[in-house]
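K.L.:
One letter stands for each residue in the lines below.
Protein chains: 2
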Amino acid sequence: MARELIISLDAMGGDNAPDIVIEGANIARERYPNLHFLIYGNKTEIAPLISKYPLLADCHELRHTEKTISAGDKPGQALRRGRDSSMGLALQSVNDGEACAAVSAGNTGALMAMAKFMLRTMPGIDRPALASLLPTSRGECVALDLGANVECTEKNLVQFAVMGAAFARTVLGLKKPTVGLLNVGVEELKGNDVVKKADRILRETSLPMEFVGFTEGDGLAGGEVDVVVTDGFTGNVALKTTEGTARMISNLLSDALRDSIWSKIGYLFVRSSLKGLKDHLDPNNHNGAVFMGLSGIVVKSHGSASGAGFASAIGVAADMSANDLFGKIAADLKSFEEEQTGVSQEKAS
Amino acid sequence: MARELIISLDAMGGDNAPDIVIEGANIARERYPNLHFLIYGNKTEIAPLISKYPLLADCHELRHTEKTISAGDKPGQALRRGRDSSMGLALQSVNDGEACAAVSAGNTGALMAMAKFMLRTMPGIDRPALASLLPTSRGECVALDLGANVECTEKNLVQFAVMGAAFARTVLGLKKPTVGLLNVGVEELKGNDVVKKADRILRETSLPMEFVGFTEGDGLAGGEVDVVVTDGFTGNVALKTTEGTARMISNLLSDALRDSIWSKIGYLFVRSSLKGLKDHLDPNNHNGAVFMGLSGIVVKSHGSASGAGFASAIGVAADMSANDLFGKIAADLKSFEEEQTGVSQEKAS
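Residue numbers (the numbering used here), protein chains in the order written: chain X, 1 to 349; chain D, 1001 to 1349.
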């Protein structure tokens, strides 16, 4: 039997907490029978919810706190006053080694600030990045940074590429994922200085990834590469543009399928075929953004995720813990640094 | 009768030139009976195409050149050797005042470089921007910069907002369009320095636009604002991400509608309802990106546009010429400068 994985949950974060957190824990436990949960939040609200799911009875510990971080709290406020909130305590349990990962659907800025402060960055990483799986026409790709750093240097982008490739190997099960840098064109002379410099560095590495150079915005959904690397400003805009476009088309599609008696009849025939498409695009099925580069696994769920969505986020945390994401990143960073030292020694001699 | 509008066409640019250029001219002429074309390119290839469309017989002048700019030519090469190419001559006719606008489906970088060099920027504009209409759930919005400037200052963004608002008033017929700055969040503290500074300047203007502050990536397709302003790097990625996502969903949708006998039957019923959706998303129907801020109207068509797509691009050129886009931009820039001078005098006194 697989070893037990202990995951801490911020039960009070997100639009529909604590309901979807507990529902999500139950769904995740059905999929991963080796999960155990440390659930942080208000006992009076949470205990009755847990009692609805017999499966959760023997695999959780409920730890009471009255304090919560709200959606409006600024990162600084969370840092000063949030240590004993449900979010702060969930992170603390990872820092203490009690849990192997924490999952929260709460305030992103607060989670990022507290996670950075409490868990620190890994050796060899200057700045953590927010990474997630996105749907493509071929399946899924890993994209990062999705909003942690609005400004990045070429060194940041290179570190993101190393972490993203390790993510793809861990969660998508790829041996040598293809990696592309998001840019406004694929030719070497295109783009700003930062992407051009990062491109030159990545071309020379021999890490377990296949660096393909630049990829454009349509390469994301096109599934051109397994890992798309970009700064947090561009990545956040690209992520939300993808979500917005998918939502627009899905709304226009449901309107179109209701606009006449003929289309309503037709819908009865096509409904089951459209379900697969709907599932593939449903953000809940790709839910779970990871703060990469910290000395602990922290997964951020969409604030408006459903129970099934929160279960996906727990799944990401479980896969990363079980497949030793950290070991992979640490080893790759070490090889990368040795390579770079070799390169600079060669240049010096 | 509306006054005659003379538009120059680069008949040799794009993947399917000159065929789609001539086909597009014919479609555009059906819609705008006051159009007259100066058609630049290889006579031997173009004359037989023109003879297929009786409508074009009396409203064109075909001007021969053997020289073309190819997709692989660098901007510098085009500048040095492209003045007497079909693209260069089409731009020259705008500069000479013979034509009121030029339309090309050729090499974007070359077109931008030559247009900037030959037509110069308008007084009050530091850098031209690439603007286009994008489909939203409410209709269309104007987005700029879509790739002309990979790095921008707050001053550039403010000028883009002024030009974008004039575009929306001219082509979308809005009196006071809403304008948003693309950012990673809507709160004032979000984003990089450039967008924060541009936000502060735009909040104080009293131009014919309603500045709403920041908008996120999903606001684009969501139709939150009439004009979305961003730097050319982010804008290009957002544009291509939108196109890529739409293409992915459209491919998955056609697969879904063919995957069983039931869905094939259903498709017969929903087909006509889906046509409206398909038309709304078809890039050919939103074709025609404008180089804003030059002392002349230059419209860039997608390289792979169909004849109908090229006709849309000619339509954008015609609307801008007929509705005096330049007069509007120039007047707005003047008011804006007077406002700014007033502000700095107030601060100084």
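Mixed in with the good hints, there may be bad ones.
Stated by the list, open to error - Straight line, CA to CA, 20 Å or less: simulated DMTMM-like cross-link-like pairs of lysine to aspartate or glutamate:
id: 1; chain 1: X; residue 1: Lys175; chain 2: X; residue 2: Glu140
id: 2; chain 1: X; residue 1: Lys278; chain 2: D; residue 2: Asp1255
id: 3; chain 1: X; residue 1: Lys196; chain 2: D; residue 2: Glu1151
id: 4; chain 1: X; residue 1: Lys197; chain 2: X; residue 2: Glu154
Read the hints as simulated data drawn from the structure, not as lab findings.
K.L.:
Which of the numbered hints above does this structure break?
P.N.:
none
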